[in-house]
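A.B. asks: So you can see what is in the structure, the chains are spelled out below.
2 protein chains.
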Amino acid sequence: MQAREFLMIPGPTPVPDRVLEAVARHPIGHRTPEFSKMLRGAVDDLKWLGETAKDPFVITSSGTGAMEAAIANTVNSGDRVLSLIVGVFGERWAKISEAYGAKVERVISEAGQPIDLVLLADKLKKDKDKQIKVVTVTHNETSTGVINDLQAITKLVREHGALLVVDAVTSFGAVHLPIDKWEVDVLVTGSQKALMLPPGLAIIFFSDRAVRVSENCKTPRFYFDLRKYKKSLEQDTTPATPNVSLVAGLRESLLMMREDGTEKIFARHLRLKEALRSGVKALGLKLFVADEHASPTITAILPPDGISVADIRKGLKEEFRILVADGQEDLKGKIFRIGHMGYVFERDILMTLAALESVLRKLGHEVTPGKAVEAASTAFAVR
Amino acid sequence: MQAREFLMIPGPTPVPDRVLEAVARHPIGHRTPEFSKMLRGAVDDLKWLGETAKDPFVITSSGTGAMEAAIANTVNSGDRVLSLIVGVFGERWAKISEAYGAKVERVISEAGQPIDLVLLADKLKKDKDKQIKVVTVTHNETSTGVINDLQAITKLVREHGALLVVDAVTSFGAVHLPIDKWEVDVLVTGSQKALMLPPGLAIIFFSDRAVRVSENCKTPRFYFDLRKYKKSLEQDTTPATPNVSLVAGLRESLLMMREDGTEKIFARHLRLKEALRSGVKALGLKLFVADEHASPTITAILPPDGISVADIRKGLKEEFRILVADGQEDLKGKIFRIGHMGYVFERDILMTLAALESVLRKLGHEVTPGKAVEAASTAFAVR
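Those sequence lines, one after another, are chains S and E.
Heads up, the first sequence is in the numbering used here, so the first residue is 3 and it goes up one at a time.
Heads up, the second sequence is in the numbering used here, so the first residue is 3 and it goes up one at a time.
Warning: the hint list may mix true and false statements.
[To be verified] Here are the computed lysine-lysine pairs in the DSS-like style, where the Cα-Cα straight-line distance is at most 25 Å: (1) S:233 with E:334; (2) E:97 with S:230; (3) S:220 with E:97; (4) S:183 with S:132; (5) E:334 with S:334.
Don't read these hints as lab results, they were simulated from the structure.
Starting from the given sequences, assemble the full structure and let the hints guide the process.
C.D. replies: This is the structure in structure tokens:
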């Protein structure tokens, strides 16, 4: 017998039993009033969560599918796209845009750093004849654990006039993100993050401005053609057969979020982040991202000198069945990442810190036992 | 208390408890050896089921997503595509191809009729300079309940040299379909049909010829770029986060199919079709498709004079909680469709016929009680 694998990775994340039970129910027919009611309920609750008056579209795909939908519906071949890149997922926007024939200019921050707002303001100011049609941004960069100042970015892009396309896959539902107030044009997220579901559904919010752009967009598309989703959603349905099981799960997870309220949910994520960071510091480890740009959902940590990321991950997985993530691409082996989004609580942070301490001590890292948990507990008490 | 909704629609179809239980398990991390092993097992069993040596790709999307993948990876803007259309899903191939800029020629059969092989042979023969690059075909047309002679079509298209792209969404896993022997280039299917899963996964088989075409295809694509799936699958993984829950379910449903063997599964589908048709005839109703072209997975039926499809569906749903489908588009209200694919058995056919008899009698249709069940039972005994 083994403990269940515990997901402290940046997705998939832990799924509540209530949601698993909803997903496990026998699928219902998707062209029925019952399904329409369920979909409508989920859509309405997503609007509540994103503080927007516009219906989002629910797509049966990975989050990457919704990213493609964002580009395929707004970018024409030859359009100039400004991609603000702080990691792997920022680069994905650029790659998708290039796949659709856009001329992409990349503004790349050093790994672990956020988007440089001064540089962005300057880039936009210099584009006097408004050649930049779309700006892509990653709100919360999963590969490094950086959160960008989306409100400030939105303001700059809005002043310029380009369309702002946002990857909020690992922030939506964990971080305050008032879509209408900030005037975000396009925002995508996925089911397997703060929404506490298994992977397989993606969600895309599309402003009136974005809808107008999409109506004139000539890029070839079919499955991700949001005009079809819009038309179908007016009848509370979807163009193709949706993942009815995950829509049932989404309905349930959003009901749970409603019961808690966003204030409580967002505060919990901040509390977990701060406690984890305090604990990690108490273990004598370095954090990859400075406090002021640190993500409330993902924390990247450098291993101590002479101890490998692989050994830390192996120890956590084999001895404690806790999964944490390696770095991606250039950062592989250089950092490890702990996800703390969605159905994650104070006790999970204490457990992870305690297990990490145990693994590090076995690997020869010197640390006073109990310091990490003590630091995290203190942080919980402050918030 | 109500009986559980019973799906006699052409998808989603009934899901076995073993599969629901696998889907309900907590998701595991997708970048783990455990997930890779599960995916590899499913892929190997799909190869067994399709009698092919080539790995299919598993995509997190509806079946329509895999249809788009088929076109986006093989059709360039301006290419000539010949679309053989016998219903709504055949037309979908044409629409997707047009969305990607193809010049589509439609060969449309009358509703309820299969593809005209003589006409097809003639079309292909006349294309002496091989302008037709791709031929699209629906193996089993869900909207009418017609099954096409895929072996004969494949032979004709192979002689011509065009690429054959097949929608086997409602035939794969229910009907013998040896991909390599028949030399099918591209074949797509979905999870929520004969594979006995909830919707949300699509599967695409891609021959070596199709792979070569896709490598030179210039059509913009990202999420459905099969070159990425190929590269990832060589490492037993997927390019984006897959629906790990449905892959777990797929693993389980394929194990169940392995236990039964294809011979038994395919024979059951033929037996159910024949029994249902016998029963429907005994009720004095007309079948929409002639016996020789009738689908083993979907049966379309005309309502008796003076009784509406809506009333029949309503009676079945409200009194017996059995769902059957209306006709689609032009056939709405003209036929109703009973799905019998995947996890459907003799007793379900008897139940549906008995309930249909009861509903029809209430609606004033004259029928000798018991005739339909008797006819079906006799048909079971013959096979």
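A.B. asks: A separate judgement is required for each hint: does it hold in the structure or not?
C.D. replies: For each hint, the structure was consulted:
| no. | hint | result |
| --- | --- | --- |
| 1 | S:233 with E:334 | 19 Å, holds |
| 2 | E:97 with S:230 | 13 Å, holds |
| 3 | S:220 with E:97 | 15 Å, holds |
| 4 | S:183 with S:132 | 24 Å, holds |
| 5 | E:334 with S:334 | 56 Å, violated |
Hint 5 alone, counting from the list given before, is not met by this structure.
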